[in-house]
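As you go down the protein sequences, you meet chains U and H in turn. Here the numbering used here is used: the first residue of the first sequence is 1, the next is one more, and so on. Here the numbering used here is used: the first residue of the second sequence is 1, the next is one more, and so on.
In short, the hints are calculated from the structure, not lab data. There may be inaccurate statements among the hints.
[Stated by the list, open to error] Residues from chain U shown here face chain H by an in silico Cβ test under 7 Å; the list is partial:
| # | residue |
| --- | --- |
| 1 | Ser7 |
| 2 | Ala10 |
| 3 | Thr49 |
| 4 | Tyr51 |
| 5 | Arg100 |
| 6 | Phe104 |
[Stated by the list, open to error] Listed next, the in silico DSBU-like pairs over lysine-lysine satisfying Cα-Cα at most 30 Å (straight line):
| # | chain 1 | residue 1 | chain 2 | residue 2 |
| --- | --- | --- | --- | --- |
| 7 | U | Lys79 | U | Lys59 |
| 8 | U | Lys59 | U | Lys42 |
| 9 | U | Lys57 | U | Lys79 |
| 10 | U | Lys69 | H | Lys57 |
| 11 | H | Lys70 | H | Lys57 |
| 12 | H | Lys11 | U | Lys79 |
| 13 | U | Lys42 | H | Lys70 |
| 14 | U | Lys68 | U | Lys57 |
| 15 | U | Lys69 | U | Lys79 |
| 16 | H | Lys11 | H | Lys57 |
| 17 | U | Lys57 | H | Lys70 |
| 18 | U | Lys42 | U | Lys57 |
What you are looking at is a predicted structure, and each value in this text was computed from that prediction instead of being measured. Backbone N, C-alpha and C fix where the C-beta goes; we use that ideal spot for every residue, glycine too.
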Amino acid sequence: EDQVTQSPEALRLQEGESSSLNCSYTVSGLRGLFWYRQDPGKGPEFLFTLYSAGEEKEKERLKATLTKKESFLHITAPKPEDSATYLCAVQATLSSGSARQLTFGSGTQLTVLP
Amino acid sequence: DAGITQSPRYKITETGRQVTLMCHQTWSHSYMFWYRQDLGHGLRLIYYSAAADITDKGEVPDGYVVSRSKTENFPLTLESATRSQTSVYFCASRGHVGVSYEQYFGPGTRLTVT
Chain U
1 EDQVTQSPEA LRLQEGESSS LNCSYTVSGL RGLFWYRQDP GKGPEFLFTL
51 YSAGEEKEKE RLKATLTKKE SFLHITAPKP EDSATYLCAV QATLSSGSAR
101 QLTFGSGTQL TVLP
Chain H
1 DAGITQSPRY KITETGRQVT LMCHQTWSHS YMFWYRQDLG HGLRLIYYSA
51 AADITDKGEV PDGYVVSRSK TENFPLTLES ATRSQTSVYF CASRGHVGVS
101 YEQYFGPGTR LTVT
């Protein structure tokens, strides 16, 4: 069974204080790892897809990295508008070659204080 | 440029009543999904559809019914609502196999069963 664990559950940062969010996963064969941002009262917003260990992707102050066991979402010099819940999800490849549906972690609630 | 919409955004119903949540997407995506989001459980897949007239169960399908007669619509029906179905429901969609696997989410429907 696919498992995704995100840590910490909540993180409070001062504006400009860089940090990282962790997503540990267990899947039989990784098809892709996805990061989403979710603001209160809204649906998750897609950020990144990572497909293989060593891959990195960046968007503004966010950088996502992937190893064989975990992914990190690095936030550099965060601003208050970066406050949100960040969700990680994995998609496994079945033995048939087709893809299993996404398994989500419970998220990290990030608060950036001005 | 509506993307994916859900209606109603908020719904209060009584135990035992039937309620239908609507989902509409304008991207002509093949795949559509229904998730529920509860504290402590993250996003859990209820049902999904690979194309019109093709649906399949997710992790938590009991008590729900779906249909997909048109590519753009994917309604979710609670046949006899229970208090345990109080949740926030998200619809999502993505392109077909061979295209990027990320899912795009609607704004959600907050359902309260009294």
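Violated hints - listed by number, lowest first
1, 2, 4, 5, 12 and 17
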